[in-house]
Amino acid sequence: MTEHITESEVGRSRPRKEDARLVTGQTNWTDNIGATGLLHLAILRSPMAHARIERVDVSAALEQPGVVAAFTGRDLAEGTGSLPCAWPVTEDIVLPDHPAVAVDEVRYAGDPVAVVVARDRYAAADALEAIEVDYTPLPPVLDLEDALTDNSPLVHEEHGTNRSYVWPMATGEDYGTVKGRADVVLTRRYVQQRLIPNAMEPRAVVVTPLDASGEYTVYSATQVPHVLRVMLSMVTGVPEHKLRVVAPDVGGGFGSKLQVYGEEVVALVVARRLGRPVKWTESRSEGHLATHHGRGQIQDIEIAATREGRLLGLKVDLLADMGAYLMLVTPGIPILGAFMYPAIYKMDAYEFRCTGVFTTRTPTDAYRGAGRPEATYAIERIMDELAVELGLDPVELRRRNWIGHEEFPYTSIAGLTYDSGNYEAATDKALALFGYDELRAEQAKRNESGDSVRLGIGVSIYTEMCGLAPSRVLRDLRYAAGGWEAAGIRMLPTGKVEVVTGTSPHGQGHETCWSQIAADVLGVPFEDIEVVHGDTRSAPQGMDTYGSRSLVVGGAAVHHAAEKVVGKARKVAAHLLEAAEQDLEFTHGVFSVKGSPEARRTIQEVAFETFSSHDLPDGMEPTINAEYLLDPENFSYPHGTHLCAVEVDTETGRTSIRSYVCVDDVGRVVNPMIVEGQVHGGLAQGIAQALYEEAVYDDEGNLVSGSLADYLVPSAPDLPEFTTGRTETPATSNPLGVKGVGEAGTIASTPAVVNAIVDALRPLGVRDVAMPCSPGRVWEALQSARTGEEAPSS
Amino acid sequence: MIPPAFDYVRPAGVEEAVGALASGGEDAKVLAGGQSLLPLLRLRLAFPRLVVDVGRIPGLRGVREEGGTLVVGALTTHHDVVADPLVRRHAGLLAAATAKVADPAVRHRGTLGGSLAHADPAGDLPAVVLALEAELVAVGPHGRRSIPAREFFVDYLQTSLRPDELLVEIRLPKTDAADGWGFHYEKFSRVAQAWAMVGVAALVRRADGHIAEARIGLTNMGPTPVRATAVERALAGAGADGVARAAQSAAEGTRPSGDPSASPEYRAHLARVLTRRSVLAAAGMG
Chain U
64 MTEHITESEV GRSRPRKEDA RLVTGQTNWT DNIGATGLLH LAILRSPMAH
114 ARIERVDVSA ALEQPGVVAA FTGRDLAEGT GSLPCAWPVT EDIVLPDHPA
164 VAVDEVRYAG DPVAVVVARD RYAAADALEA IEVDYTPLPP VLDLEDALTD
214 NSPLVHEEHG TNRSYVWPMA TGEDYGTVKG RADVVLTRRY VQQRLIPNAM
264 EPRAVVVTPL DASGEYTVYS ATQVPHVLRV MLSMVTGVPE HKLRVVAPDV
314 GGGFGSKLQV YGEEVVALVV ARRLGRPVKW TESRSEGHLA THHGRGQIQD
364 IEIAATREGR LLGLKVDLLA DMGAYLMLVT PGIPILGAFM YPAIYKMDAY
414 EFRCTGVFTT RTPTDAYRGA GRPEATYAIE RIMDELAVEL GLDPVELRRR
464 NWIGHEEFPY TSIAGLTYDS GNYEAATDKA LALFGYDELR AEQAKRNESG
514 DSVRLGIGVS IYTEMCGLAP SRVLRDLRYA AGGWEAAGIR MLPTGKVEVV
564 TGTSPHGQGH ETCWSQIAAD VLGVPFEDIE VVHGDTRSAP QGMDTYGSRS
614 LVVGGAAVHH AAEKVVGKAR KVAAHLLEAA EQDLEFTHGV FSVKGSPEAR
664 RTIQEVAFET FSSHDLPDGM EPTINAEYLL DPENFSYPHG THLCAVEVDT
714 ETGRTSIRSY VCVDDVGRVV NPMIVEGQVH GGLAQGIAQA LYEEAVYDDE
764 GNLVSGSLAD YLVPSAPDLP EFTTGRTETP ATSNPLGVKG VGEAGTIAST
814 PAVVNAIVDA LRPLGVRDVA MPCSPGRVWE ALQSARTGEE APSS
Chain X
6 MIPPAFDYVR PAGVEEAVGA LASGGEDAKV LAGGQSLLPL LRLRLAFPRL
56 VVDVGRIPGL RGVREEGGTL VVGALTTHHD VVADPLVRRH AGLLAAATAK
106 VADPAVRHRG TLGGSLAHAD PAGDLPAVVL ALEAELVAVG PHGRRSIPAR
156 EFFVDYLQTS LRPDELLVEI RLPKTDAADG WGFHYEKFSR VAQAWAMVGV
206 AALVRRADGH IAEARIGLTN MGPTPVRATA VERALAGAGA DGVARAAQSA
256 AEGTRPSGDP SASPEYRAHL ARVLTRRSVL AAAGMG
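Protein sequence lines, in the order shown, are assigned to chains U and X. The numbers in our numbering rise by one with no breaks, and the one at position 458 of the first sequence is 521. The numbers in our numbering rise by one with no breaks, and the one at position 68 of the second sequence is 73.
Chain U with its partners taken away, still in its complex shape (with noise of 0.2 Å):
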């Protein structure tokens, strides 16, 4: 007998699946995998910012024991393309070419320049110090401000110009009408620093050469195993029929596994080449040099106000580093956050511009929140300022401002329409955990007494964009592929279910969720599902994993393809108990005819009479399986309240977090515990950007944090407590009601914990503190604060 399941399977906080093979280590990560006469790549990587290559001799590496051969830039460059740039964010975009290793010039301090393969990755990577590099330097380029203008040195001087493109939008009235007619205009400039996204799993790829089927077979921990086919083909000319494309287990992304990447170019081109299977494994610092950074952006941000404390408008121009060159997502990076800066505000006006700056560093891709984050900063920044010029307690402000929940569906001045919320709800919970009036008394009395120790709390009220994302919208944006996901399930014989999707997991928990999702549809039980993912010869369709996209389209589409099964089926248990088919219930896995229970055939005993085909309706397909290819109507708008207290020690400048509280609306909840764990690792991240990371480059261009002795990725001992709390309002765009969680914790903890430290040290004459907020930058900004206390304020 088939066991059915009884209760919802969405809101259950299933232990993960695939957690057993993974925390055993009974699992295949790129780099365990092996291959009769693997060989191993090593890469040379520039020494310098910026140089030109004059020569680069491999003939003394080739003599070293154990290689195989080894490849210049040149050598390389023939018949293989530019690494592509699938957002050029303007029509009249530089893009400028990029090689996977360089030819002429190299560009940023770890830019590969040659290529050594060998039988084992010693060999490899002692051979790669009997390369010979002629290289003349070039000045570097660093600062955003100074590469635009006429007398800077070029990073591309074939092209004229350090400027990649200008991307402007004015929505609502003119600002600079509604700006005259304001009381308060306040101008800010923020900082966001570069980040390393540090996956826990460096990047690693390995490819197999033509087998006897004649396919090349890439494995990479990669979270887009699609794209990467499409894009791999398009680069290297092997047909994309002759290549398929795995992502194993992967161990995190954050976005920086969101790329096309010159190793993977240059593993398949070898391997093509030599006819020899091959494997290149990233080191830590490696990484920390060749994967794509994050964030790397400057704000000047102008807001203006009445008196009362009403937005009237806002105004946003950005430099954007797009570091060396364009890579996948490079150029639209910003542009996500182009419309999130109104945020979670009514307002008349708004106007933006970003320009894409290249630089002589790495290059800057998707990093976990990709362009929101940014935005949420410097609105969320701002507000407080405004806040304290206007003498109104921040929450106060943002609740005079806020949309309200009454007021759903919203278009924003940005032009998204926000389909629920409420920020209402999430606010007043989130303020009684926090006990806020409670730490605003202790503040004041700690304030008078002179307390060496200063508190300060932190306020940030955020939504994002989630659920990437509409095709036409991205027509409109310029971005080259679309936005749908796929799904589809096999109802196996015995009634076993296959979930095939092209969501992309590394470390989310697809397999557990999307069971989730098709056991409630289909009425079978969790266990008996399995999620097939992340091989294009088994799940051959998809748009893969980043930006909170996989359960609001991903995971949705599981919820369609499972409706659609159901709906064969019925035809097909109709026909079986000689019923019309609106006769039939289906509760739990069960069909049976309303009014007579006892006539029911369960849906596993459907797929094998589905299987055997005996007795089929007339003309009916041999097959209840289904797919869907679910193209969202709209974006999901996450949202949430988070409030930080930090004690600042003003002798020493550190900060420490005393209490974290958030609420956040991510919708429908599929599995309350992953949700939470998601929370967590984004707020990690978030406060990590305020308190902790930075990617530091010295005059030259060096990368001066290239390992984490000097990166400071925060671990469990610097991180406090966490209070997390929920509101659930249902997206309305998606049948599960889902919104996203991946990047919540991560966009709105950085400006709670900036909020709270400057809040701490206003009263101290402290205006704003440069992130990351160090003790040595704390230190500094209250030193600067004591002596310049004349300064007006502007």
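By construction, these hints were calculated from the structure, which means they are not laboratory data. Backbone N, C-alpha and C define an ideal beta-carbon position, used for all residues, glycine too. Errors might be hidden in some of the hints.
[What the hints assert, rightly or not] With a cut-off of at most 20 Å between alpha-carbon atoms, the simulated DMTMM-like pairs for lysine to aspartate or glutamate come out as follows: (1) X:Lys-179 x X:Glu-71; (2) X:Lys-105 x U:Asp-781; (3) X:Lys-105 x U:Asp-773; (4) U:Lys-409 x U:Glu-365; (5) X:Lys-34 x X:Asp-12.
[To be verified] Derived, one-sided and incomplete: chain U residues facing chain X with beta-carbon distance under 8 Å: (6) Arg-184; (7) Tyr-185; (8) Met-232; (9) Ala-233; (10) Ser-346; (11) Ala-642; (12) Pro-660; (13) Thr-715; (14) Tyr-755; (15) Ser-768; (16) Pro-777; (17) Asp-781; (18) Ser-837; (19) Trp-842; (20) Leu-845.
Fit chain X to the known structure of chain U by using the hints.
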């Protein structure tokens, strides 16, 4: 992450180890717990031809008493130092500071002798043995010699050990609480698992409610660990109110470096603040 090629020997005794070091000359490196050397090898920042693994030489591990002196074998791991009752009783400063070295995994592998011989000015223990006025005993081809801690640390990552000498034990004059000694190690770092941005090892002997004697070792305030001698002088005879004043001299004669986390000026400021806190805690005046 792949070290350059090197030869490897694992001597059975001290004499054999010294012989191996002598044969390798400047190109030989001692491997003890490996917590400093292995990262340097893997990052290709060190290129020894010969690695002499002393990890299994008997008799270099453990703690014993010799009259008024506590003797800690060079191969004693940080974990064992922290847990040792003799260290806790007679050299509490060492136990307290060692508990703050890195993380549990490192403390189970890393050794006291290895940490001192590596002589990283950001390491916690060099300043501590300086404050404890330890003697470091080395064995070379011509026998044993004892090096006072103040002569041991020569420059950044450089000691007065000769290439063919092996550090075998660390001798610490006892500083028992019963004799009025109090101690504290104040470590300041940006994240929990990190080297000290600045550290202050304070050892004070109290008498009649005042500080009779103070020894202050500073971590990461120059290319070597240093004693804050001006503070020590000013603390003699001081009460609680004199400590803050004395600590103002903490950065005198130091040469702190600058890095993205801390400028030299900030390090000097931290030295003053942390010295005050460390001394007050050591003297039970905090």
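Inset, instruction - Give me the numbers of the hints this structure contradicts, sorted from smallest to largest. - result: 8, 9, 11, 12, 20
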